[in-house]
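K.L.:
Protein sequences, first through last, are from chains E and C.
Just so it is clear: in the first sequence, position 153 is 1412 by the numbering used here, and no numbers are missing.
Just so it is clear: in the second sequence, position 364 is 396 by the numbering used here, and no numbers are missing.
It is possible that some hints are incorrect.
Unchecked claim - Under the rule of at most 30 Å between Cα atoms (straight-line distance), these lysine-lysine pairs were calculated in the DSS-like manner:
1. C:K71 with E:K1277
2. E:K1342 with E:K1265
3. C:K173 with C:K99
4. E:K1265 with C:K71
5. E:K1265 with C:K173
Since the hints were made in silico from the structure, they are not lab data.
Computed from a prediction, not measured in an experiment: that's the story for all the values here.
The lines below spell out each chain.
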Amino acid sequence: MLGMVKSLAETLRTMARKPVTIQYPTVHREIPVRERGYPLLLWDSEVGEPFCVGCHACERACPTECISVIMKDNPLAAEGKSKRRKIVDQFLLDYGRCIRCRICVETCNFSAIAMNNTWDGQEMSRYDRGELVMDLEQLLAKSRAGGFTPWVAP
Amino acid sequence: MSALETFFDNVWVDALWRLLAVLGLMVIVVLALTYVERKFIGRIQMRLGPMRTGPYGIMQPIADMVKILLKEDLRPASADRIAFELAPFLAFVPVFLTLLALPFTAKWDVRVLDLGLLYFIAVSGLTVLGYIFAGWASDSKYGLIGALRTAAQLISYEVPLVLAVLALSMLAGSLNLLDIVEKQGRVPFIVWQPLGFFLFMAAAVSDLSRRPFDVAAAESEVVGGPWIEFSGIRWSILYALTEYTNMFALCVLGSLIFLGGWDWPLGLKWGWWWQLALIFTKTSVLILVVMWVNATFPRVRVDQLMSLCWKLLLPLAFVQIFLNGLILVYGWPDWTFLLTSGLGLAAAGYIIYSVIPIGAPSRIVVRGNA
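Only chain E is shown next, with the shape it has when bound in the complex (with noise of 0.2 Å):
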């Protein structure tokens, strides 16, 4: 009988407890800085171009194979604007076959790519999965809108 009345006021005590809900759509959980999401191409604002140089590392390295990348010469360095003699041409990265596995960020010898931890990052249902496919632009425009901090490795 006791443990039933201990057990009565303990139900009755979690119930003046907060509910530990988050309303998930309408409310996002705060995510932490390490967080994997999927990942970007880092903007240089100094120079106005991205860090990337388009060295194929990331290619190699990745397990997936979803990182494709073309290297041009740089049209900033020939005006004397920018110290890289190469740049990126066209990027492409496939969301849908990336298993976000860190691996093209370790490689980068340009810390140009990092792994997205914020909410734009893990959201990605589409309604075709050639939508998940993206391109230099997409892989860039949220870097280049400012405000995003990248998480290093110490």
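Position chain C relative to chain E; hints supplied.
P.N.:
Frame of chain E, contents of chain C only:
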């Protein structure tokens, strides 16, 4: 006498509008209670409960109703067709009949019967017939086992329930619900009969197939029992409408006979809205207690339920009747009711504490290998 009054004076018209009023009350009660239960249990489990439909999910019962009405009405090919289609009504009609005999305030009632208490207990027991029909007709082993469990449960708890109510009516000297409420005066019967109240609530929880006594519907054992094969509107009549109205009716009865109904503590001079508020509050408290118990305890086994009902509740009910008779015959003062009944309740508590391991897992003794 105006034309309208003459119209309502007609026996048939009078009966019809009263029945319709009770039906409307039932629908409102069911809609409200489904919402309240989901919210209440949600909070107990640190959830929010329904939140999306309307502000604070207030439209959830409406959404549920629409969903249930639009659902396909399935019937197994091997089901006994007549019994299957009759079963929901057989379960629902007795609950409807119990509401007809309940007074809600001193003036608001459909019909107050002289043997109202007896009528209520007798008719509410008939609901189980509907469940047995349902379990038998659905031609499913789970349904049948659930139905037989319902029947076994009924004969176990109905006896202590009747005896507890009988002990109470000894005090009131009447089976008329109006008389019982008037008789309580300044002191509700729960004070004189705590053991009787405990027996009544235990039997009520059992009647409603709520945890810890939901062996008939046990999801993890018989997957819903008698209503396993039912869907859509039939399921809602058999389960939601019947269960929630039954809960409401039993809690109204409990607040009438144990908590002083509309009379305590304000008396009759305050007008009908105060009486209605009082009965509403008391009924709500009892309903919340039933839901609270439901959310707290794990299910007992069938044999544990049987032994609890036959070995504990039944003897205690007899003890209560015997003590009441003794006190009434010798004319001892009123406080002896409280003393004896309270001692009986303490004894019940001790026996449950020492014999049945409900809610006290630490007391389960693990014996070594025999």
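K.L.:
If a hint holds in the structure, say so; if it doesn't, say that too.
P.N.:
Structure-based check of each hint:
Pair hint K71 (chain C) plus K1277 (chain E) holds up; C-alpha atoms about 14 Å apart against a cutoff of 30 Å. Pair hint K1342 (chain E) plus K1265 (chain E) does not hold up; C-alpha atoms about 72 Å apart against a cutoff of 30 Å. Distance restraint check for K173 (chain C) and K99 (chain C): the Cα-Cα separation of roughly 28 Å lies within the 30 Å cut-off, and the hinted pair is therefore satisfied. Among the hinted pairs, K1265 (chain E) with K71 (chain C) is consistent with the structure: their alpha-carbon atoms are about 23 Å apart, no more than 30 Å.
Distance restraint check for K1265 (chain E) and K173 (chain C): the Cα-Cα separation of roughly 37 Å exceeds the 30 Å cut-off, and the hinted pair is therefore not satisfied.
The structure fails hints 2 and 5 (numbered hints given earlier, in ascending order).
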